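Asker: Numbered per UniProt numbering, the sequence shown spans residues 1 to 503.
If you're looking for bench data, these hints aren't it; they were derived computationally from the structure.
Possibly wrong hints are sitting among the right ones.
[Said to hold, decoys possible] Calculated pairs, BS3-like style, for lysine-lysine (alpha carbon to alpha carbon, straight line, at most 27 Å):
no., residue 1, residue 2
1, Lys411, Lys242
2, Lys200, Lys153
3, Lys315, Lys325
4, Lys292, Lys314
5, Lys248, Lys304
Quick caveat, the model's predicted, so the values are computed rather than measured.
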Amino acid sequence: RQPCLDGTCLPTSQFCNGGVDCRDGSDEFRKHCPESKPGLIITPDRIITPPWRIFRFLCIAPSDHYPEAIFVTDRKPVEQDPRYRVRRVNTTVLEVSAPDGLRNPSDSTEIECSIRTGDREVISITVEDRCGSDRLPCRNGVCLPSNVFCDGKRDCTDGSDELPNFCPELKPVSSGVRFSPSEQRVRPGQPIRLECSALKPDPRVQPIVEFGDGTPVEVDSQFRVEYEQPGRVVITLPQGSKVSWRRKTFRCYLPGGPFREAEVYIDKSCEVGQRRCDDGTCLFVGQFCDGKPDCPDGSDEMPKNCDVCDAITKKCETVDGKPPKISYFQEHWRCDGENDCGNGYDELRCENYTRVPGMDCGGPTLPCPGTQNLIIPIAYRCDGQADCPGGEDEVGCTQPTVLTQEQQQRKEVRRGGTLVLECEVLGVPPPVIIWRYNWGCLRDSTNGRARVEPVRSTRGCAASRSRLTITNFQEGDDGIYNCEGLSGVNRALSEDILAVLVD
1 RQPCLDGTCL PTSQFCNGGV DCRDGSDEFR KHCPESKPGL IITPDRIITP PWRIFRFLCI
61 APSDHYPEAI FVTDRKPVEQ DPRYRVRRVN TTVLEVSAPD GLRNPSDSTE IECSIRTGDR
121 EVISITVEDR CGSDRLPCRN GVCLPSNVFC DGKRDCTDGS DELPNFCPEL KPVSSGVRFS
181 PSEQRVRPGQ PIRLECSALK PDPRVQPIVE FGDGTPVEVD SQFRVEYEQP GRVVITLPQG
241 SKVSWRRKTF RCYLPGGPFR EAEVYIDKSC EVGQRRCDDG TCLFVGQFCD GKPDCPDGSD
301 EMPKNCDVCD AITKKCETVD GKPPKISYFQ EHWRCDGEND CGNGYDELRC ENYTRVPGMD
361 CGGPTLPCPG TQNLIIPIAY RCDGQADCPG GEDEVGCTQP TVLTQEQQQR KEVRRGGTLV
421 LECEVLGVPP PVIIWRYNWG CLRDSTNGRA RVEPVRSTRG CAASRSRLTI TNFQEGDDGI
481 YNCEGLSGVN RALSEDILAV LVD
């Protein structure tokens, strides 16, 4: 194997074989091929493309030569055409691309790459005819009469007939967009929704939405792309995806303007007290960042994963110089009358601890009826095993059930505004309620911007109710929120609540 100039290693057989295999074209440079004739390479030397499909080619010059690209017909530099992007990769490689592709057969052209020695090579670019005479394709594939293109009035539903890059008489749009939420994590089968809005809406132009590789989202039939109003587009996957994605990137932009990205993760959640390795394996939280690799890919010891917060699992700390016997405890073990950490850390400051404000639903311990001195931890209540002589601790138990939640599963919040969510979970004993953001911890929960507080339940001691308030809502707060009720080994999870940042 041999290295390309960019560090990539390829089989030796791919060097000096007449075809460009290194991304930077260095496998065909003279330093690797002393017997080859020095000269200019253009790869590929021909492109046949459907309308609106992104393409690129490379002009590769011998060492210490600077290739330039011009149109054969009028000898004008390619970089002056707004439909093209010209990027100098290094001193000998020039990359020419069309980020939006070309629109119709009349855009077919020839481009010449040349160097100071006079060497020149020509690439022919042919755009396929998908609509026939006197008709042109919109970006979504719909064919319309050619005279409605660049007339200042939007006729394509996606606005592609009025894109400034293709309409020289129109001023290019440089406004940015807001793409919300910028990150969301959902379970397989859960619907997905992304919204992109122009910061300065222009009725001539609609935002363009693509996957991270530049492919239009519209080409994937799973997704719906709807232009609800000028300057605003909504991407949905109504039925969700049964296939887990580690990450799928979307991007949105206005022609001539900067793009914003959004990332969607689809992943099955691990069991309570577990976290997922980068390869998808679930391990107990205590196995992460303990100095010993446990994930098959070793990701449990990577710094990026050691900074991740878990909404349920908390760390046992030293108390009065006494170290804990275990490293972690579960949030619903707090103030349950059982010393889980071994040094009492999880049972500190329980005097005023309550899951149901304003109600006497018992404390961390439970006296067994008919006995004088037998007191059991509330953790033993409804754990499936009788601890009181008469089994009273297992009577009247109900598993957690999300009783009420937000009627509207989509919340619009203005920048600087306040998001308020409430969740009520039925259960005996009253469940602990925790909140998740994108399946992790809440953002800014330590500086007071995100506040979680118990509120009085409508069911007395047979349920818990929690309120989440996020003030000064900002980009990065938008995403998926869930509440979860925990009691013993049982849990109940709410539906996803999508919080979207709007103007």
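Asker: So which hints don't hold here, by number, going up?
Answerer: none
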